[in-house]
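J.: Line by line, the protein sequences give chains A and B. Residues 331 to 809 (our numbering) make up the first sequence, in order. Residues 1000 to 1393 (our numbering) make up the second sequence, in order.
Just so you know, the hints here were simulated from the structure itself, not pulled from any lab data. Note that the structure is predicted; figures quoted are calculated from it, not measured. It is possible that some hints are incorrect.
Mimicking SDA-like on lysine to any residue, the simulated pairs with C-alpha atoms at most 25 Å apart in a straight line are [as the list claims (entries may be wrong)]:
hint, chain 1, residue 1, chain 2, residue 2
1, A, LYS369, A, ARG435
2, B, LYS1058, A, LEU646
3, A, LYS637, B, PRO1057
4, A, LYS498, B, LEU1054
5, B, LYS1058, A, GLU749
6, A, LYS498, B, THR1005
Next come the chains, spelled out residue by residue.
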Amino acid sequence: MLALPEPKADILARRDEIVAGLRAILPASGVITEPLRLKPYETDGLPAYRQIPLAVALPETTEQVAAVLKLCHSIGVRVIPRGAGTSLSGGATPLADAVVLGLMRMNRILEIDYADRCATVQAGVTNIGITQAVAGNGFFYAPDPSSQLACMIGGNVGMNSGGAHCLKYGVTANNLLGLTAVTIEGDILHLGGNHLDAAGYDWLGLITGSEGMLVVVTEVMVRILRGPEGARAMLAAFRSNEIAGQCVDAIIGSGIIPVALEFMDRPAIHACEAFAHAGYPLDAEAMLIIEVEGSVAEQDDLLDRIKRLCEPFEPLSMRVSQSPEESLAIWKGRKGAFGAVGRISPDYMCMDGTIPTSRLPEVLRRIGEMSDQYGLKVANIFHAGDGNLHPLVMFDANDPDSFHRAEAFGADILKLCVEVGGCLTGEHGVGLEKRDLMRFQFSEPELERQRRLKDAFDPAWLLNPAKVFPLQDKPRQAA
Amino acid sequence: MSAPATEAALAEAIADAYAAKEPVLVQGAGTKHGMLRPVQAARSLSTRNLSGITLYAPKELVISARAGTPITEIKAALAEHGQHLTAEPPDLSDLLGVPGNQTLGGIVATNLSGPRRIVAGAMRDQILGIRAVDGTGEIFHSGGRVLKNVTGLDLCKLLSGSHGTLGIMTEITLKILPAPEQTGTLVIPGLDATAAVATLSAALGSPYGVSGAAWLPPDAAARIPELAGFNASVALMRIEEFAASVTYRTARLAQDLQPHGRAELLGDTISRSVWRSVRDVTPLTVEPGEAVWRVSVRPSAGPGILAATGLRGFLDWGGGLVWLVGDPASHPAVTAAATAAKGIWTLMHAPDSLRASADVIPPEPPVLAAIGRRVKAVMDPAGILNPGRMAAGA
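Based on the sequences and whatever the hints tell you, model everything.
T.: Structure, rendered in structure tokens:
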């Protein structure tokens, strides 16, 4: 289990004063203090870690966020920013002496401009909410994390979220134009705007993916894109992970960049097929979902090229979707992978390392060996084009031994990712989950440099302080 | 000028300057020496001897090279595998009047991107990892060599576009993509800037994946040989795809754009040449004593910037990037127009008198400036790296 810092006794003692301060800023319904109503905020998408916070504040405007932060800063209260609470890495895990600052009431779309292809929305708008707002005009917001129905754009900025289509369209950072954000002192910053690029330092780039440790994001300006004429998916099934991996290389090496290129291993295929009935090939060791875009003729042409590229690898089967419904069914299996694994195991942990794609067969083999060693099953889902690997480690949370083995297994997978030249997290963020593994990717002076950059924004370490960096004995997180 | 041949030697040179508290002018090939403000420094250092490609995995879409590697060397290596630099970085040596072969470090440190920026992201968006030396001589890394990475704070983006003031990049890893098989361009002549931007907007709002959208007034168009025959302004829209798709998409787009004017199609070779000219800003000439500005605004505001300043210029990025050339005395007018449009401006080139005395980029509000000073103090505590390059006293 990962340690959380000791709550500050002086802050706990001043709870009534802090709550009164929040009530002076926010409407009555915007301050939560009753234990039963605090319960939903005790955890996020990493439910193994739970902690009831001191209070929850639910502001509706940037000015209210500023006032809450100013209050917390003046007293020295830690603040945990939170969107929908879907973080799989514990990015929103509370602390006992912290105020959870929930942005979900800031859920308005402020401006949509099709001529300039941009939208301004509040931080609590869901990821899918942006696309839904512009879909009628044929536009979409590109990053599409699996949690897109629930997750909020403010959290996407915090974690620099990706998705299945980022090989072509990029991750959150590549689709942002501007932010309104509030410092821990309560100062409101306007960064970027509805134009491209910065003239000075790239604050937008530094803040994106900073996991709520530098500022609290309240408004987001994003690029919206016109969708393609159409899209179609195909399945290709292979006799081994190795062969499927070689096929991915052949496709990318040919100059075709499919809009999505997803890899599933045997356990993942079986779990997802039982759930989605998408006609996945159950005899295969590995399967690719390959999606292309364009007119029907262009789709035909690209899928033909891809089929020809697959053939030398002797696929067990290849199936091109014949209708939008069939494409949807193919995606339903993949997008529902978490739920599917949830049906065959009481609990699972979704890991998120990235590896050089050429190392995939070796990494999957070693994950298989670890699976035997830890006595826990694992299903692997992989954004094959960009090397982002999602092993789903299955365990039983009611069995402490099973949980500890799952944590150790997950950590070993991520260390393996770093060992082969990859990284600890491709799109979920470090959060609490991977905090203590940061030493495997960064030297102590490199971690200290990053801590000092946090100092530059938040000298007292009040914003999401127990995340990302391994806890230290002294100042900062343990203060 | 010292030009260390290894990262360790570069780190040592900076540690030495830090100990002596002596400022260092940092550059690659020096082709962008005339950008932003002049640097007064006792020492100077070039990364040009830190050269060479250190990793190229075409099937993994990554390339790493030392910071002093000439861009031409990287492009040549990529071309052998049918790949290219996605952000289409410009070669501004003609515009800035400093010939030379720009380096990878230089183009990343200035975060300059070409016409494809609107669909493929900026130069900074392609940076997967860096190794760098800070202002005390300490070596650090950020990111890595994989395409998706959110591990820790993103110092790659912090250093991109920081003009060597926060650290000296020694090695850079980039995401790359296959180069398109073919390029086609639709030209609609004779539109004024406002009508042109509406046309470009319609094209960029189409499902055909337009990857370049520019407007040149008649005098700028006349300076591109392939466009001179139009004897008019030109709105240019580019599609880069497999050959059959270029044929299909340009035809469909031309049809959709009929209400905006009759489009002519430029073929592959001519298209590539025209967009190289747009990328490198060759439609504008700079007379001695003149200044060059680069303004980024929301695309619909671009025509207003041209009109308000009355300078020679043209529009790229669908109207959102405004290049301007003219009398340095227009500086207040340019900054006022960009600010009024809620955009940003950069004084790319000017006589030293203006560069040294005026803001060359928009000053930051006090809260952000204070954060900036603290970040600078983390990365370069003695303030020795390119002092004054981006702002006076910083």
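J.: Indicate, hint by hint, whether the structure satisfies it.
T.: Evaluated hints:
1. A:LYS369 / A:ARG435: Since the Cα atoms of LYS369 of chain A and ARG435 of chain A sit roughly 18 Å apart, the hinted pair holds (cutoff 25 Å).
2. B:LYS1058 / A:LEU646: holds, 24 Å
3. A:LYS637 / B:PRO1057: holds, 21 Å
4. A:LYS498 / B:LEU1054: Holds. LYS498 of chain A to LEU1054 of chain B sits at ~22 Å (cutoff 25 Å).
5. B:LYS1058 / A:GLU749: Holds, at roughly 20 Å.
6. A:LYS498 / B:THR1005: Answer violated: LYS498 of chain A to THR1005 of chain B is near 36 Å, above 25 Å.
The structure is inconsistent with hint 6 alone, although it conforms to all the rest.
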